[in-house]
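**Student:** Each chain is listed here by its residues.
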Amino acid sequence: MSRSRYARRLPAAALAAGLALAVSACGGEAADPATSADPAAPAAGATSAQLDPNADLSKQSLAISVWEGYTPKELPQQVKEKLKTELKVTLHANNEEIMAKLTSGTDTGLDVAFVSGQYAQALNEAGLLEPIHPELVPNLANLFPEAKELSYDKGNVFSVPYTWGTTGICYRTDLLKTPPTSWNDLLSPPAEAKKKVTMMITERWLALPAIKALGYSVNTRSDEEIAKVKEKLLAAKPNLLAYDDTTFRDRLKKGEAVMVEAWDGWCPAGEKNIDFVIPKEGSDLWVDTMVVLKSSKNKEAAHAFINYILDPKVHGWAAENILYGVPNKAAMDLVDPELKASMPSLQMTPSQLLQGESIIDLGEDSVKFTRLATEVAAQQ
Amino acid sequence: MTRSTVSGATAAPRSRRSRAPGRTAAGRSAVGRLVFLGPGLAYLIVLLLVPLALVLSYTIFRRGRFGGVVYEATGENFTRLLDPLYLDVIVGSLKLASIATVIALLVGYPTAYLIAQLPRKWKTIALVAIVLPFWTNFLVRIYAWIVLLSGPGLVNSTLGDLGLGPFEFLYNQGTIVTGLVYSYLPLMVLPLYAAIEKLDPQLREASANLGARPARTFVSVTLPLTLPGVVTGCLFVFVPSFGNFIIPELLGGGRSIMVGNLIRDQFLKARDWPFGSTLALALLAVLVVLLLLQAWSARRA
Chain F
1 MSRSRYARRL
11 PAAALAAGLA
21 LAVSACGGEA
31 ADPATSADPA
41 APAAGATSAQ
51 LDPNADLSKQ
61 SLAISVWEGY
71 TPKELPQQVK
81 EKLKTELKVT
91 LHANNEEIMA
101 KLTSGTDTGL
111 DVAFVSGQYA
121 QALNEAGLLE
131 PIHPELVPNL
141 ANLFPEAKEL
151 SYDKGNVFSV
161 PYTWGTTGIC
171 YRTDLLKTPP
181 TSWNDLLSPP
191 AEAKKKVTMM
201 ITERWLALPA
211 IKALGYSVNT
221 RSDEEIAKVK
231 EKLLAAKPNL
241 LAYDDTTFRD
251 RLKKGEAVMV
261 EAWDGWCPAG
271 EKNIDFVIPK
281 EGSDLWVDTM
291 VVLKSSKNKE
301 AAHAFINYIL
311 DPKVHGWAAE
321 NILYGVPNKA
331 AMDLVDPELK
341 ASMPSLQMTP
351 SQLLQGESII
361 DLGEDSVKFT
371 RLATEVAAQQ
Chain C
1 MTRSTVSGAT
11 AAPRSRRSRA
21 PGRTAAGRSA
31 VGRLVFLGPG
41 LAYLIVLLLV
51 PLALVLSYTI
61 FRRGRFGGVV
71 YEATGENFTR
81 LLDPLYLDVI
91 VGSLKLASIA
101 TVIALLVGYP
111 TAYLIAQLPR
121 KWKTIALVAI
131 VLPFWTNFLV
141 RIYAWIVLLS
151 GPGLVNSTLG
161 DLGLGPFEFL
171 YNQGTIVTGL
181 VYSYLPLMVL
191 PLYAAIEKLD
201 PQLREASANL
211 GARPARTFVS
221 VTLPLTLPGV
231 VTGCLFVFVP
241 SFGNFIIPEL
251 LGGGRSIMVG
261 NLIRDQFLKA
271 RDWPFGSTLA
281 LALLAVLVVL
291 LLLQAWSARR
301 A
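Sequences listed follow chains F and C, in order.
Per my numbering, the first sequence runs over residues 1 to 380.
Per my numbering, the second sequence runs over residues 1 to 301.
Be careful, since some hints might not be right.
[Unchecked claim] Pairs of lysine-lysine residues, derived as DSS-like cross-links and limited to a Cα-Cα distance of at most 25 Å, are as follows:
# : chain 1 : residue 1 : chain 2 : residue 2
1 : F       : Lys237    : C       : Lys95
2 : F       : Lys280    : F       : Lys232
3 : C       : Lys95     : F       : Lys228
[As the list claims (entries may be wrong)] Cβ-Cβ distance ranges computed for the label pairs, FRET-style:
#  : chain 1 : residue 1 : chain 2 : residue 2 : range
4  : C       : Val107    : F       : Glu97     : 47 to 53 Å
5  : C       : Asn137    : F       : Lys59     : 45 to 51 Å
6  : C       : Ala215    : F       : Val367    : 52 to 58 Å
7  : F       : Thr173    : C       : Thr79     : 37 to 43 Å
8  : F       : Thr202    : C       : Leu227    : 42 to 48 Å
9  : C       : Ser157    : F       : Lys73     : 35 to 41 Å
10 : F       : Lys228    : C       : Val107    : 44 to 50 Å
11 : C       : Asp83     : F       : Asp56     : 54 to 60 Å
12 : F       : Glu97     : C       : Tyr43     : 40 to 46 Å
13 : C       : Arg65     : F       : Ala55     : 31 to 37 Å
14 : C       : Phe138    : F       : Gly127    : 19 to 25 Å
15 : F       : Ser188    : C       : Lys123    : 53 to 59 Å
16 : C       : Lys198    : F       : Glu231    : 25 to 31 Å
[Unchecked claim] Footprint (simulated), chain F over chain C, 3 or more residues, beta carbon under 8 Å:
#  : region
17 : 253-263
18 : 266-276
Rather than coming from a laboratory, the hints here were simulated on the basis of the structure.
Glycine included, each C-beta is placed from N, C-alpha and C at the ideal position.
Generate the whole structure from the sequences, applying the supplied hints.
**Tutor:** Following this line, the structure appears as structure tokens:
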């Protein structure tokens, strides 16, 4: 998978190298240590701006775009107090919305955006991201070492992870005879769970259970494999209650469903009779990240903002309120142990998470998954 | 009545123009017309015509990788439309919307007929009752159906007390049709009521006097005269049903999709605006044909 990915990037990398040469010829900056560690990853990111570590942040203002409820409501006041920078928060409903905005070609005025890892990768390939200047983000040291091993961006060259997690089966311990252990338990459920199973319909997660049950990569581009995945998903459809990305939690609580495909942070495993399992065939690893936009005119403040977010107390807010794991060791250590014990997403260790396969952007091949989702949904 | 609902917008200014006397007065009234028509025209142009033109123009371009449009002319969106995958969804939506329309007509016609026969006071009450559901948010009402019909829902728990069930009512094409009929039935009843109410009762009496039985009177007199109302009502139910995407998602459990879902997904998930626009164009084409049919039947009436 990584081989083909890098091959696809070669032209971009060559162009980037040329630009980098041009910049360094004009008395550019020292090489980014992360960049030199992984020569294949930087692509367009090599053209980084010269930033002033002593810039007066009170003269800069920040605009960020983030999912609703993903940062504290008081964030603008907190940032104003800490960094002396005005912060304007705009919201996006999903990755697609912010991607459409950022790639529209017009100046959005945004400085920092929260996007999932594979989208950060795509933005970087499109040359829209400013590489992260680690010297301006000392709190990067708080991150787990594993957080630098994420395959869409090894070494956090152009993105900083904010939350991470995986996908598994959330189920009712009282309504199932044996707890599920495999994706096949979801795809061909036991008698007591027939018509009481939900799966997600968002393309990549719709495919995930079948892909893993068949032992393929979540980033497969092979038409043959996708055809097999489709077959398996269609075979599973008669046993499903519904496709559901948003209300599976309530369906499980009410007992309308007994087994659902769920993101770890969405499974109310703290409640009686509900538990979560990562199937033995493995799963994905999703990461939501923060990126600095190349078009930003406030890059120093943007870095200071990311650094502020990585502060254990601030980052810990995300773990305690969104209930997703955060890749910040210091922050995870601060999380209330009682809460931790009740949420599988907060118990996941980084090494466990890294066994999951990161979803990466498939570029033009992503239409294959769109088609797959339409085909599965349209089939009667 | 049917004419006024659909073609009233164009008819009104025409009649006003014919009334305008003299030259200077006409000039003055042109300014007046502009002032009064301005907001409406601006609304139509900015919020209807411009977006429509955009959507139409997108159909001949290529998809940008992250959404948006690459301005390279191509015909591939239209060839994709003929792909059995999408054709089947369009045909399936036509089918579901047609079934919903027929059921709404079968339920709506007797309802409208009876309301038209009620004494004046009860008429108002009945009409208010028909419109009443619109006072509650559409989504809330759809969720109410889920609460009613789901596995552990109200209907099943009641049946359970009687020793029946549980039944799986939800998440199939039947529930989609139920949802569509429920949501748009008022739009069927109201134009039918207007058409039936307008009908001169003497015509029916004349038919009876000439020896026709009630059934014959209905088929030969009442039905033909209310046909424009029938067509309008059918159109009012069919159009929003055909493009609906909320009901298939919530009451259909996402297990079947309609063309509305397809368009929504092309824009929001697949980031393929050109193909989404092409699908929207196909939907519009079907609706234009139906509107022409309606206009034709209204003229005949």
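**Student:** Are the hints correct? Go through all of them and say.
**Tutor:** Verification of the hints:
1. F:Lys237 x C:Lys95: Holds, at about 22 Å.
2. F:Lys280 x F:Lys232: Holds, because 18 Å separates the two Cα atoms, which is no more than 25 Å.
3. C:Lys95 x F:Lys228: violated (30 Å)
4. C:Val107 x F:Glu97: 47 to 53 Å: violated (40 Å)
5. C:Asn137 x F:Lys59: 45 to 51 Å: Once the Cβ atoms are compared, 46 Å apart, the range 45 to 51 Å for F:Lys59 and C:Asn137 holds.
6. C:Ala215 x F:Val367: 52 to 58 Å: holds (57 Å)
7. F:Thr173 x C:Thr79: 37 to 43 Å: violated (51 Å)
8. F:Thr202 x C:Leu227: 42 to 48 Å: holds (46 Å)
9. C:Ser157 x F:Lys73: 35 to 41 Å: Because 39 Å falls inside the window, the suggested range holds.
10. F:Lys228 x C:Val107: 44 to 50 Å: Roughly 46 Å apart at Cβ, these two residues keep to the hinted range, so it holds.
11. C:Asp83 x F:Asp56: 54 to 60 Å: holds (58 Å)
12. F:Glu97 x C:Tyr43: 40 to 46 Å: With a Cβ separation near 26 Å, F:Glu97 and C:Tyr43 fall outside 40 to 46 Å, so the hint is violated.
13. C:Arg65 x F:Ala55: 31 to 37 Å: This hint holds: roughly 34 Å between Cβ atoms.
14. C:Phe138 x F:Gly127: 19 to 25 Å: violated (43 Å)
15. F:Ser188 x C:Lys123: 53 to 59 Å: Distance hint for F:Ser188, C:Lys123 holds at roughly 57 Å.
16. C:Lys198 x F:Glu231: 25 to 31 Å: violated (58 Å)
17. 253-263: Holds: 7 residues of the region 253-263 of chain C have a Cβ under 8 Å from chain F.
18. 266-276: Contact hint for the region 266-276 of chain C vs chain F: holds, 5 residues under 8 Å.
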